[in-house]
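*Asks:* Take these sequences, add in the hints, and give me the full structure.
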Amino acid sequence: AQKITQTQPGMFVQEKEAVTLDCTYDTSDPSYGLFWYKQPSSGEMIFLIYQGSYDQQNATEGRYSLNFQKARKSANLVISASQLGDSAMYFCAMINQGGKLIFGQGTELSVKP
Amino acid sequence: GAVVSQHPSWVICKSGTSVKIECRSLDFQATTMFWYRQFPKQSLMLMATSNEGSKATYEQGVEKDKFLINHASLTLSTLTVTSAHPEDSSFYICSASPRLSGNTIYFGEGSWLTVV
Numbered sequence: 237a238q239k240i241t242q243t244q245p246g247m248f249v250q251e252k253e254a255v256t257l258d259c260t261y262d263t264s265d266p267s268y269g270l271f272w273y274k275q276p277s278s279g280e281m282i283f284l285i286y287q288g289s290y291d292q293q294n295a296t297e298g299r300y301s302l303n304f305q306k307a308r309k310s311a312n313l314v315i316s317a318s319q320l321g322d323s324a325m326y327f328c329a330m331i332n333q334g335g336k337l338i339f340g341q342g343t344e345l346s347v348k349p
Numbered sequence: 002g003a004v005v006s007q008h009p010s011w012v013i014c015k016s017g018t019s020v021k022i023e024c025r026s027l028d029f030q031a032t033t034m035f036w037y038r039q040f041p042k043q044s045l046m047l048m049a050t051s052n053e054g055s056k057a058t059y060e061q062g063v064e065k066d067k068f069l070i071n072h073a074s075l076t077l078s079t080l081t082v083t084s085a086h087p088e089d090s091s092f093y094i095c096s097a098s099p100r101l102s103g104n105t106i107y108f109g110e111g112s113w114l115t116v117v
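Chains as they are written, first to last, in my numbering: chain A, 237 to 349; chain B, 2 to 117.
Bear in mind the hints are in silico, worked out from the structure with no lab data behind them. Errors might be hidden in some of the hints.
[Unchecked claim] So the derived label-pair ranges between C-beta atoms look like this: (1) A:ARG308 with B:ASN104: 20 to 28 Å; (2) A:PRO245 with B:LYS65: 45 to 53 Å; (3) A:PRO266 with B:THR83: 38 to 46 Å.
[What the hints assert, rightly or not] Which stretches of chain B does chain A cover? Using the computed rule of at least three CB atoms under 8 Å from a CB of chain A, they are: (4) 72-86; (5) 90-96; (6) 104-111.
[Stated by the list, open to error] Some chain A residues flagged as far from chain B (calculated, every beta-carbon gap over 10 Å): (7) MET247; (8) THR263; (9) GLY288; (10) SER316.
All values reported here derive from a predicted model rather than from experimental measurement. All residues carry an ideal CB built from backbone N, CA and C; glycine is no exception.
*Replies:* Quick look at the structure:
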C-alpha cells in the first residue's frame, strides 16, 4: 500500500527565513511522482513543485525546492525567504501508476512578521 | 484562467435533498477525473475515479449509492450527493489531467457543501 506521511501538523517561521516541511512516503512502485501543493483558506490547490522518482536532480521552482532522498523515502519541501503570503496548508502527495494522488495529512505553516 | 472549473463553489441544501456538483475541463479532454473530499483541517481523501463512458471506481468505504458519479462526456464529470445529511457537509474538489500530459494535474476550485 502507498502512504504519505507529514509529521508536522503546524509550523511557525519568521518572515524572510527558510523553512523545511517534512514528507516521507512508502510505495512499492518503481516509478512514482511526488508533489507539493499549497492550500490557502480559500480551498484552492496550488501546485508548487514536482519530483519524479527517476529524476537525478532535486526539483526547484523559484523559492521552492524539494530535498529528494530516495533511499530514505523522503521528499521535504524547502521554502526560502518566507513571506507572509506563504501562510497556508501544505500538502505532500504521491501519484501512483493509476494516476491517483495520495495526500499526506498536511502541515499548517504560519509566517510571523 | 481556470483550466478545470467546478460549480457551484458554495451550496447549502436541506437534509434529505440531493445536490449536484459539476467538474468541467475547459481546455482539454479528460477520460479520467478524480473526486476528493476534505474536512476542515484535514487531508484530501480520494473518493472515486470518474471514468468517461463507464462506471466510476470508488475507494473503499465510499458509498457509491450515496455519491453518484457520472462522466457522460470527455469534459464533464458530476458528483451527486443523494439524501444529504449534515455529516456530508464538506469541501469537495475534483482533479483532471490532459492526455499525454505526463504528471500535470489540474484541480477545480472546490465546492463547499453545507447540509442543514
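*Asks:* Tell me, in ascending order, the numbers of any earlier hints that this structure violates.
*Replies:* 2, 4 and 9
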